[in-house]
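**Q** Here the structure of chain F is known, so what remains is to put chain P in place on it, guided by the hints.
Just so you know, the sequences run in chain order F and P. First residue of the first sequence: 2, per this note's numbering; consecutive thereafter. First residue of the second sequence: 2, per this note's numbering; consecutive thereafter.
Warning: the hint list may mix true and false statements.
One side of the interface only, derived from the structure: several residues of chain P facing chain F at Cβ under 7 Å [stated by the list, open to error]: (1) I457; (2) V461; (3) I473.
Just so you know, these hints were derived from the structure itself, not from any lab. By construction, the Cβ of each residue, glycine as well, lies at the ideal position given by its N, Cα and C atoms.
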Amino acid sequence: MSQPLMIDQVTKRYGDFVAIDDVSIAIEQGEFFTLLGPSGCGKTTLLRMIAGFNTIEAGEIKFGSTVINNIPAHKRNTGMVFQNYAIFPHLSVFDNVAYGLKARGHSAKEIEQEVDEVLSLVRMKEYKDRQPSQLSGGQQQRIALARAIVIKPDVLLMDEPLSNLDAKLRVEMRTVIKKIQQNLGITTVYVTHDQEEALAISDRIAVMNQGTIQQIGSPLDIYTRPRNSFVSNFIGVSSFLPCEVSTSKGESLVNVYGHTFPMKLSKAYNGKGILAIRPEEVTLNEASVDGVASTIQFATFLGDFINYEVVLGDDTIIQVNEYLKEGLAIKHPGDAVTLTFDAAAVNLFDLEGKESLL
Amino acid sequence: MMEKLRLNRITFWGWVIIATFALSFVFLIYPLVGMLSRSFLGGEEGTLSLRNYIDFFRLPYYFTTLKHSFSVSIITTILAILVGVPMGYVTARYNIPGKPLLNAMVVVSLLSPPFIGAYSWIMLLGRNGFITNLVRHIGIEIPTIYGFKGLILVFTLKLFPFIYMYVQGALQSFDSSLEEAAENLGVSGFKKLMTVTFPLIMPTITAGAVVVFMTSLADLGTPMLIGEGYKVLPVLVYEEYMSEIGGNATMASTLSVIIILCSLLVLLLQKISISKRSYSMSGLRPPAVKKLKPANRVLLTALCYLVALLALAPQITTVVTSFIKTHGPLFVKGFSLDSYRSVWYKLSSNIMRTFLYSTIAMVFMIIIGMFSSYVIVRKRSTATSILDFILMSPYVIPGSVLGIILVMAFNKPPLILTGTAAILIISYTIRKIPYIIRSSTGILYQLDLSSEEASINLGVSPMKTFFKITAILMLPGVLSGAILSWISTINELSSTLILYSGRTGTISVAIYTEIMKDGYGTAAALASILTFATIISLLVFNWLTKGKGSVV
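Chain F extracted, bound-state conformation (with noise of 0.2 Å):
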């Protein structure tokens, strides 16, 4: 059965390098939690630690109530899929898929049988008797799920399991394994650099860096309040200005390039801050409007919306997204026009990008 994830306290050292920096995190059983950042943040390092390829230096992992520092990596009953998937090229798919199940001394019948769920289970069944060789990419990655689920593991472990496939198939995948996890309610550990593929697949998602958690929350959280500039940088796009934020009597107002509009904080302040901006929080109005005042400078007709690359009297520049609606016009290089924000969407950050004000 599988099992609710304690991570807490851990740290992983590397020499003076410190990988993972004192990172706590509680995943509930059937939960799919995602560890998300750049390459180098730690996240694969972390995953390895639940695995037990890396040590453990200090804190402690727990699945359910077992601490599982001490316990060797074959015997923690993970399943993990890799991201070359690592596919036995000597045995075939149906001893690909059995090896874990013969490790665990079952019956050749009861091997039998489970093997046969588990590949109907990936639509692999046709495929049983077929060497590594002779499959693609993304059969490949069904075997690995297969052969990582069919053991009945505490928690199920994805490295990267996409990153090999191209754009289309990496799309299929990720619903075939949402709705498989899903199905099966086994707690999953999924690592990606890929923020997109984050939202899309998690109910949680972590965002890492520098081998420390950033924020944990679910997409929607992640996506529309992201708690720094780096959250609100690496998941979508987003474009930063620097603004001035002044509250009296519970009232605070942001002052951007001239424009002045209020916003509702968590707390007053007073001072510079840094306004975060997604392109489609913009709106772009003729330059008699009042607004900042800017220029476009480039324009990507991108079918269901143009984007616009828009620069600000000092040449800064911001992205800017219009949605297709009956009489639009594609606006050109060199248009006049002003800058509006939507104050209920847009994030206001402190100015070192730290902390959130909202």
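**A** This is chain P only, laid out in the frame that chain F set:
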């Protein structure tokens, strides 16, 4: 209690490391240290002194052999490059017909022992050689091939294949877009070769050159047969050893140290020269084979085959002469199986022994190759790096020197092995260990670690994982490496000549002694058997590697 617990905690791999260290200490370090210390015992009544070393550099009797050795090796290396590079280039880039045949001819000549080359060229061009006698009838005297010229001839023809195979391989996996980029920038033809192609394969060429240099420096059989008055260092080592037999072999030890230092020096020079110039090539688009104009094609094809035929001449000569009728030591008109008959009656036990010893050595090589390369690659630590270094060290020890240090170490208690089959098998295993370690670690580096991790993750312990996954995936590669080692072991002469006894003579020793007593027919028959065994083994190697394996 604590002690016991600690012992229990040594893992399987810990024991592998300990066992390998123990074995290499007994059979390699201890003998080497013995030789090193004996080399300083040249004083009166065996006291500690530098006298041997001073004598070596002071007395022309000793020192000229060093000059001779270097002259032979340098000239051989230059000539091998001059033959091997153009031939490798032409066959890699142009439509030379029958390339597999050409390569097969070169490979067979490469894998046969050099002393057979020496002996065959004596049969052809020596004082009483076939060709010498033939052209003497029409009044032409062939200049003598004994001494310097003969050594150069034999070594060049024997060793250029290393350069040829290296260059051909490098050019075939060359990323052609680099050359296209040069052409796109307006550089083509010879200038492109000199500015892009050759600089990029230079590390490959120097690697081949070092092999040529070290092999020609270390070989004993060839100069013994064809060197005559032109004495080189290994011959001097052998003679000193033979004259010091029963004694302390201090001068032989000094000479051994010097020859090892020479090899080390060359290896270091090569490492330094390419340390900053090693390129990895993606080889995404291997270069197309260009079509030559008919006239050029005929000319270049003829040249390539001529060189290959010259390289293969020793094998052809021995096979042909093995069927010629003999009368005592003389060849007479007509063909017969006499030579094979006499081999069968007199020397069949030598044949049995050769294959038996080589097979046992091969089994050791496979075991050591699998286990040691695993700890070197996957359990990296200071201890395993030292182990790697120790296991690579026989690479710079010439066969005859290894023979001498083993005799000196094991001709007295606590372990007496001289005259036994064991000492030959030990020597064969040690000589080939560097090659087997290199090929096995190479295979392991290519094996993805995640296969092992997947197995462990699925609940199989690390040790069982090694046997169920890693070992099985390594086996074809290790086995093909072991077959190449097997081929060179059945052909081994240098250390065997020092280590064999009446009861342990091998084929190569029998060939050597037959040549020495003018039994050219039986020698030819034995050499043909070796060639035949080599070809069969090569076919097995090809089958194992699906034709993709490289023998160099």
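**Q** Take the hints in turn and mark each one as holding or not.
**A** How the hints compare with the structure:
{"no.": "1", "hint": "I457", "verdict": "5 Å, holds"}
{"no.": "2", "hint": "V461", "verdict": "5 Å, holds"}
{"no.": "3", "hint": "I473", "verdict": "6 Å, holds"}
Figure legend: structure checked against the earlier numbered hints; every hint is met.
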